[in-house]
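Trainee: Chains as they are written, first to last, in the numbering used here: chain A, 1 to 146; chain B, 1 to 317.
Careful, some of the hints might be misleading.
Stated by the list, open to error - Heads up, simulated EDC-like pairs for lysine to aspartate or glutamate below, C-alpha to C-alpha not over 20 Å straight-line:
| no. | chain 1 | residue 1 | chain 2 | residue 2 |
| --- | --- | --- | --- | --- |
| 1 | A | Lys131 | B | Glu205 |
| 2 | A | Lys126 | A | Asp98 |
| 3 | A | Lys131 | B | Asp192 |
| 4 | A | Lys129 | B | Glu186 |
| 5 | B | Lys193 | A | Asp84 |
| 6 | A | Lys126 | B | Glu205 |
| 7 | B | Lys193 | A | Asp98 |
| 8 | B | Lys193 | A | Glu96 |
| 9 | B | Lys288 | A | Asp84 |
| 10 | A | Lys126 | A | Asp91 |
| 11 | A | Lys126 | B | Asp70 |
| 12 | B | Lys193 | A | Asp91 |
| 13 | B | Lys274 | A | Asp91 |
| 14 | B | Lys288 | A | Asp91 |
| 15 | A | Lys129 | B | Asp192 |
| 16 | B | Lys193 | A | Glu123 |
| 17 | A | Lys131 | B | Asp22 |
| 18 | A | Lys131 | B | Glu195 |
| 19 | A | Lys129 | B | Asp194 |
As the list claims (entries may be wrong) - Just a few of them, taken from the derived set where beta-carbon distance is under 8 Å, the chain A residues facing chain B:
| no. | residue |
| --- | --- |
| 20 | Cys81 |
| 21 | Glu96 |
| 22 | Leu133 |
Calculated from the structure, these hints are not laboratory results. If you're wondering where the values come from, they're calculated on a predicted model, not measured in any experiment. For glycine and all other residues, C-beta sits at the position ideal for the given N, C-alpha and C.
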Amino acid sequence: MDTRPKIALFQCQWCLYSEPDQHWVDNELPPSIHLVKLSCTGRINPLHILNAVQGGADGIMISGCLPEKCHFKEGNLSALCQHDEFLNLLDYIGYERDRIRFVWLDLQDRGRIQRELADFESEISKLGKAKNLATRINEPSRGQHV
Amino acid sequence: MSEIKVKLKTEIERLFSEDAVDVVIAFKKENAPLRPQPAFFKSVDELDNLEYNSLCQNNLANYLTRYPHDTLIGIVVRGCESRSVNALVVEKQHPRENLYLIGIPCQGIIDIKKIIRKTGEEVSDFSEDEDQVSVTVKGQKVTFTREELLHDSCLRCVHPNPINADVLLSDPLPEGDPAIARQAVEEFEAMDKDERYAWFQHEAERCIRCYACRESCPMCYCTECFVDHATPRWTESNISPAGTQAWHIIRAFHQAGRCTSCGACERACPMDIKMTYLTDKLNEDMQKVYQFEVGMDDETQPPFASFNLDDKKRFVV
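Please put together the full structure from these sequences, using the hints given.
Mentor: Structure (structure tokens):
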């Protein structure tokens with residue numbers, strides 16, 4: 001169990017069109033993957049990503065609708081520019097950019113989320129434990145915000 | 001330099017006599033010769049204390065947001081301050097018609113810490129001319145060139161002249177060289193990622209969370225900062241490594257497209273932490289990707305505040 005990298009999955013609640021996929025994500029995720037469900041990827045604040053990193057996640061995957069197919073028309077586009085820049089900043093201070101991945105899911109992509117997660121997990125395993133940012137896990141609250 | 005002070009005084013007196021301003025934000029003398037303080041002049045009688053020299057550390061635009069919108073404010077601005085004021089006007093923190101910008105082309109701010117490091121604390125007198133700065137320490141006069149005392153961010157300054165000022169008190173200076181401004185970021189980028197992280201870690205771990213950088217920054221005007229939130233608690237507010245790193249990352253990121261590289265944060269920092277290498281990088285990206293430079297006019301919204309459908313071409317594969 002401990003050998004598997006910890007992954008935080010930020011998922012837009014509109015991006016999985018097919019019922020089985022959503023059911024799988026909601027109920028059958030492996031324990032090493034932590035699900036954060038959002039109303040839109042535009043809801044993600046850079047602080048959410050940073051919090052996940054500092055809470056001990058080795059990788060972060062963000063799955064959302066294709067930008068022009070956003071449930072809220074175009075709301076996530078401006079936020080996406082911010083994420084892009086935020087990754088640049090993290091990369092600049094030495095955090096591996098590959099640890100954070102965006103996935104755009106399309107209507108046709110049934111079962112893709114499983115494949116993407118498996119692919120991402122193997123990639124993160126190759127990178128090893130994240131070390132280039134301090135985490136909260138050794139602190140008294142054990143990484144949990146109470 | 002005292003010539004500028006005389007001009008500044010006559011200009012402020014004129015403003016008061018014409019009733020054009022309610023308050024003038026400028027600097028006043030303090031007992032310690034190295035530390036002029038920000039001052040808020042409300043009448044001509046108070047002007048005896050007026051001071052202006054290269055030791056004025058604060059970014060005066062910081063105090064703009066503390067007044068109601070209908071206050072007529074006269075404010076002394078140097079290059080970076082004028083851009084901060086413009087950025088604040090864009091963010092609707094004060095209407096431009098209620099502002100009177102007294103522009104002074106700036107030769108750079110002298111870093112007090114550099115003087116103290118070279119001479120010790122007992123500086124009793126300070127004088128300056130075009131290229132030279134002299135201080136009196138224990139009765140002895142010591143002279144430095146201006147270059148060696150300038151603050152790091154002033155050495156990298158690109159726009160020394162106030163932009164959009166209502167009046168300029170002296171002739172404009174030549175613009176700075178963007179290549180020199182980029183040097184610090186380029187040097188940092190040239191290191192590999194572990195070295196970069198080691199550098200960042202070394203800077204962040206000294207932080208004592210006094211938030212002097214936030215208080216001195218004109219763009220940090222939120223009434224409640226994310227670090228002060230109790231629910232949800234965004235980051236650790238203690239001095240743990242995770243807490244200080246999160247503070248430095250997010251503080252810088254909230255400045256994306258808004259920071260004017262005035263360096264007030266670094267000058268205010270009691271722990272001598274470097275911060276501008278983060279914001280400079282963000283500024284550079286803003287210029288590269290969005291062709292946006294903050295504070296060059298008082299209309300253009302910063303990239304993350306505005307939204308353009310063309311932006312999606314950048315990241316949709």
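Trainee: For every hint, state whether the structure bears it out.
Mentor: Quick rundown of the hints versus the structure:
Among the hinted pairs, Lys131(A) with Glu205(B) is consistent with the structure: their alpha-carbon atoms are about 15 Å apart, no more than 20 Å. Using a Cα cut-off of 20 Å, the hinted pair Lys126(A) and Asp98(A) holds, with the two alpha carbons roughly 11 Å apart. With a CA separation close to 15 Å, the supplied pair Lys131(A) and Asp192(B) stays within the 20 Å bound. Taken as a hint, the Lys129(A) and Glu186(B) pair is broken in the structure, with Cα atoms around 28 Å apart against an allowance of 20 Å.
For the proposed pair Lys193(B) and Asp84(A), the alpha carbon gap of about 18 Å is at most 20 Å, so the pair holds. Restraint check: the Cα-Cα separation between Lys126(A) and Glu205(B) comes to about 29 Å, which exceeds 20 Å; the hinted pair is violated. Of the pairs offered as hints, the one joining Lys193(B) and Asp98(A) holds, with about 13 Å between alpha carbons and a cut-off of 20 Å not exceeded. Only pairs whose Cα atoms come within 20 Å are accepted, and Lys193(B) paired with Glu96(A) is accepted, the gap being roughly 8 Å.
Distance hint between Lys288(B) and Asp84(A) is fulfilled; the C-alpha atoms sit about 14 Å from each other, no more than 20 Å. Restraint check: the Cα-Cα separation between Lys126(A) and Asp91(A) comes to about 18 Å, which is no more than 20 Å; the hinted pair holds. Distance hint between Lys126(A) and Asp70(B) is unfulfilled; the C-alpha atoms sit about 60 Å from each other, more than 20 Å. Distance hint between Lys193(B) and Asp91(A) is fulfilled; the C-alpha atoms sit about 8 Å from each other, no more than 20 Å.
Taking the CA atoms of Lys274(B) and Asp91(A), the gap is about 18 Å. The hint holds against a cut of 20 Å. Among the hinted pairs, Lys288(B) with Asp91(A) is consistent with the structure: their alpha-carbon atoms are about 17 Å apart, no more than 20 Å. Taking the CA atoms of Lys129(A) and Asp192(B), the gap is near 18 Å; set against the 20 Å cutoff, the hint holds. Using a Cα cut-off of 20 Å, the hinted pair Lys193(B) and Glu123(A) holds, with the two alpha carbons roughly 18 Å apart.
The straight-line distance between the Cα atoms of Lys131(A) and Asp22(B) is roughly 54 Å, outside the 20 Å bound, and the hint therefore fails. Only pairs whose Cα atoms come within 20 Å are accepted, and Lys131(A) paired with Glu195(B) is accepted, the gap being roughly 13 Å. Taken as a hint, the Lys129(A) and Asp194(B) pair is honoured in the structure, with Cα atoms around 14 Å apart against an allowance of 20 Å. Interface hint at Cys81(A): satisfied, since its Cβ lies 5 Å from the closest Cβ of chain B, which is below the 8 Å cut-off.
The interface hint given for Glu96(A) is met, as the beta carbon of that residue sits about 7 Å from the closest beta carbon of chain B, less than 8 Å. Of the supplied interface hints, the one on Leu133(A) holds, with its beta-carbon coming within about 6 Å of a beta-carbon of chain B, less than 8 Å.
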